[in-house]
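Student: Spelled out, the chains give:
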Amino acid sequence: MEPSNNVIIAKDLQKSYGTNHVLKGIDITVERGTMLALLGPNGAGKTTTVRILSTLLKADKGTVTVEGYDIVRDADKVRTVIGLTGQSAAVDELLTGRENLVMMGQLYRLTPASAKARAQELLEDFDLVKAADRPAKTYSGGMRRRLDLAVSLIAAPPVIFLDEPTTGLDPRSRLSMWGIINDLKARGTTILLTTQYLEEADQLADRIVVIDGGKVIAEGTSSELKSKVGKDRLEISFKDAKTLDAATKKLGKAVVDTNDRDHSLTVVLNDTNNDLRKTLDSLDGSKLELTGMAVHKPTLDDVFLSLTGKAKVK
Amino acid sequence: MAVELEFTSKPRLISNVSDAWIMIKRSSTHILRNRDQLLGTFFQPIMFLVLFATVFGGAISKALPAGVSYLNFLMAGIIVQTIAFGSTTTAIAICNDLQKGIVDRFRSLPMNNLAVLTGHVISDLLRNLISMVVMVVTGLIIGFRPHADFLGWLAIIGLVLLFTLAFSWLSAIVGVYAKSVEAVQWLTFVIIFPLTFASSAFVPTDSMNHVLKTFAVNQPITQIVEAVRALILGTPLHNHGYLAVIWCLGIMAVSIPISSILFARRASN
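Protein chains in written order, with the numbering used here: chain A, 1 to 314; chain B, 1 to 269.
One thing to keep in mind: the hints can contain errors.
Each computed SDA-like pair below joins lysine to any residue, with the alpha-carbon atoms no more than 20 Å apart [said to hold, decoys possible]:
| hint | chain 1 | residue 1 | chain 2 | residue 2 |
| --- | --- | --- | --- | --- |
| 1 | B | Lys179 | B | Gly58 |
| 2 | B | Lys100 | A | Tyr139 |
| 3 | A | Lys58 | B | Gln37 |
| 4 | A | Lys11 | A | Tyr139 |
| 5 | A | Lys77 | B | Lys100 |
| 6 | A | Lys297 | A | Asp202 |
Hints in this document: simulated from the structure, not taken from any laboratory.
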């Protein structure tokens with residue numbers, strides 16, 4: 001089969017446990033060499049989706065192909081081209097890091113020599129050389145996640161599923177994980193990442209699919225999603241309440257919000273470039289004393305809030 | 001990536017065997033690295049052997065045929081009992097794997113997943129061999145005098161390993177079925193405790209009441225104990241030898257498919 005440009009194609013995925021409809025028809029397409037983030041709160045259906053895509057779970061309805069292979073009919077073929085890491089996979093705690101890598105490599109059908117050489121390479125890449133011959137149960141949270149990811153890369157599969165790879169990690173380990181994931185992407189690996197952190201999706205992914213309650217509620221690039229929600233906002237703060245009053249009068253109905261505590265006002269910039277200049281021009285003649293000014297871009301938090309009407313995910 | 005990756009392409013049958021071998025190595029490493037469990041493997045049989053021989057020895061030896069010491073009588077029972085209880089570790093290991101998500105990792109690989117079960121069951125042979133050597137050596141120190149010749153010992157080892165396999169597969173069903181390690185422990189306990197005690201492992205069945213005796217002489221543990229005991233004492237096997245083998249093969253014929261089916265079903269939920 002000619003390799004398509006879309007490496008993962010999922011159509012109308014549905015899954016229920018009794019009366020609990022976990023997935024209500026999810027469509028996902030991931031282009032070759034790109035990273036797609038599946039973003040949603042706990043219980044949105046992210047892990048269920050990944051488990052279906054990685055052949056661990058059968059969907060009630062819908063079809064999925066990975067690298068052109070049907071995940072039900074050609075499950076074994078699919079397993080040779082994917083790597084899975086994160087909360088739905090694990091490492092063997094009593095084996096050392098190196099033993100884990102070599103064992104999984106051989107189960108991926110690597111020759112023993114290849115498995116050993118590749119294990120050494122990954123231990124070096126993931127900064128695990130010193131801990132390589134210690135049982136994995138002695139590893140810290142961050143080291144364990146790195147080993148977990150290394151294990152799924154042992155046979156260099158072209159498609160990687162990362163199921164919440166940074167949940168529960170401290171900020172430093174998270175940054176190091178992001179670095180590793182970006183390197184993977186730079187090497188042309190096709191990646192599907194699930195996360196409940198908006199910042200993570202924003203930082204890493206080319207495209208974002210937002211799911212909630214088992215349905216896709218939005219998708220696009222990070223900036224497309226943000227522009228859907230809102231315009232840039234200009235916040236200006238003044239010396240005192242009197243100055244703020246004067247400025248509010250001067251700007252008229254462009255002001256959408258004022259804050260008496262820090263004497264600031266907010267203006268929505270429908271057209272960022274023009275409106276910014278217009279606002280500043282109209283304040284220019286009045287000699288009102290400004291103490292600060294900032295342009296706020298909408299965040300994915302805003303996106304999520306406006307899409308789901310629920311509290312922020314994080 | 002600097003390393004050139006070379007993949008093997010073996011026919012399915014051979015790759016299944018190699019998957020099983022990889023899993024056997026994994027489980028055996030677990031046994032050798034799990035120090036607490038290994039200590040139990042050493043000391044539990046010693047404790048049982050010494051306690052039973054000294055506490056019950058005096059009372060029970062009166063019920064034994066003339067010339068048979070209780071220690072010589074007891075050895076077969078203690079070996080079989082230790083193995084029966086030891087099979088619990090297979091169940092615990094499988095239950096642990098299912099809970100910790102490593103089974104999901106294996107399932108995402110292009111391997112034969114049943115190798116996970118095979119690995120735990122086969123590596124149990126290793127642990128039980130250690131137990132058996134410990135028991136026989138301890139027994140010899142405190143006065144155990146077997147009458148088996150070389151062939152007799154080969155038969156004993158063969159029978160004991162066959163019994164280990166059968167009970168480990170039986171135990172695998174519990175490991176796949178139970179939702180927690182605690183559940184595994186009490187489930188195996190209520191199955192194995194009555195089987196070993198309502199048998200000829202520790203006392204001759206002649207001393208039991210009619211109902212208990214009917215049960216005891218017709219259940220697998222008694223057949224295996226009697227066969228091993230006859231080989232140790234050098235007395236006639238009667239039909240215990242082949243009944244023991246039939247029981248073991250029968251248990252496996254039922255428990256291998258059941259545990260495999262349950263495993264596949266449990267793992268995909």
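Student: Could you run down the list of hints and mark each one as holding or not?
Tutor: Each hint, compared with the structure:
no., hint, result
1, Lys179/B - Gly58/B, "violated (43 Å)"
2, Lys100/B - Tyr139/A, "holds (16 Å)"
3, Lys58/A - Gln37/B, "violated (37 Å)"
4, Lys11/A - Tyr139/A, "violated (39 Å)"
5, Lys77/A - Lys100/B, "violated (25 Å)"
6, Lys297/A - Asp202/A, "holds (13 Å)"
Violated hints, in rising order: 1, 3, 4, 5; the structure is consistent with all others.
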